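S.K.: If you read the sequences in order, they're chains A and B. Each residue of the first sequence is one higher than the one before, starting from 21 at the first, in this note's numbering. Each residue of the second sequence is one higher than the one before, starting from 21 at the first, in this note's numbering.
If you are wondering where the hints come from, they were derived from the structure by calculation, not from laboratory data. Mixed in with the good hints, there may be bad ones.
Heads up, the list lumps identical chains together, so a pair's fine if it works in one copy or across two of them.
To be verified - Pairs of lysine to any residue, SDA-like flavour, derived with a Cα cap of 20 Å:
#	residue 1	residue 2
1	K170	L51
2	K124	H164
3	K71	V146
4	K152	L46
5	K124	A31
6	K124	V142
7	K152	E38
8	K152	T70
9	K41	S73
Since this is a predicted model, take the numbers as computed values, not measurements.
Number of protein chains: 2
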Amino acid sequence: MKKILIASDHAGLNLKQEFIKNNPELPWEDLGPTDTNSVDYPDFAEKLATKLSQLSKSYPATEDAFKSEICGVLICGSGQGMAIKANRFPQIRAALCWSEEVAKLSREHNNANVLCLGARAVTPEVAQKILKTFLSSAFEGGRHSQRVAKL
Amino acid sequence: MKKILIASDHAGLNLKQEFIKNNPELPWEDLGPTDTNSVDYPDFAEKLATKLSQLSKSYPATEDAFKSEICGVLICGSGQGMAIKANRFPQIRAALCWSEEVAKLSREHNNANVLCLGARAVTPEVAQKILKTFLSSAFEGGRHSQRVAKL
């Protein structure tokens, strides 16, 4: 990856900081927040989705965004609100993941370019495995291309 | 509920039909498909999201859509593509759920009005429990209202 945008809310802050600390080899760009003061998750989903859309705007939605080596990670308590907000943006395909298998499928079938996680829904250990799986899985194309083009 | 719109793709067809058969007291409106021929999940997510948006268009996004007694259920293999597509629509808050707890939170915190399920991600028994929990849980409002208004 050339860049991984990451953002959270207060509930997701710890897991976000764990990711950055435990994976120093990855090209993180932290879009906030920086403390545990209560914030509204849509603000941070919008910030990340806007930036990722700008950075990848020269790529059609059907193209594997991973070729451009930029993706996003959004973390809140359940991950649900982050995924809803991020998917308001046409160039974003945000996948809420709770297992390695789900993360793998979201890349292979949906060409997801944003990983959403619920800090209260998965353990830090599982979250780390999901992250690695998401980043290392490739879009399968084929029959999935025409479906992703319709997203 | 006054109405529950439901749609799937070929992978979600069986679970959709199970829901309708096993819960005859619920006011289902089946938007397709009717057989297991391969289809593109975004077509059915769009169909349902469009209809639900029209039916609920007189309600602001912050109001509990359950008061209007109309919601949606979308089922594909993983549920992921359905959730991505449905959330393209501003009045839709589609929650991908894999447990009763996740379904409860999606109603309480995110005021979700569409339940997304992965037919290959949950057992039929868990899916049934998720459905019941989703339909019986209420939006908590309070601090969550300002966040949902930003979705």
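S.K.: Are the hints correct? Go through all of them and say.
M.R.: Against the structure, the hints:
1. K170 - L51: between (29 Å within a copy, 18 Å between copies)
2. K124 - H164: Close inside one copy (14 Å), not across copies (31 Å); limit 20 Å.
3. K71 - V146: Answer is neither; intra-copy 27 Å and inter-copy 37 Å both fail.
4. K152 - L46: Close inside one copy (11 Å), not across copies (41 Å); limit 20 Å.
5. K124 - A31: This pair counts as between: shortest inter-copy Cα distance 18 Å, intra-copy 25 Å.
6. K124 - V142: both (16 Å within a copy, 16 Å between copies)
7. K152 - E38: within (14 Å within a copy, 36 Å between copies)
8. K152 - T70: neither (24 Å within a copy, 36 Å between copies)
9. K41 - S73: neither (26 Å within a copy, 43 Å between copies)
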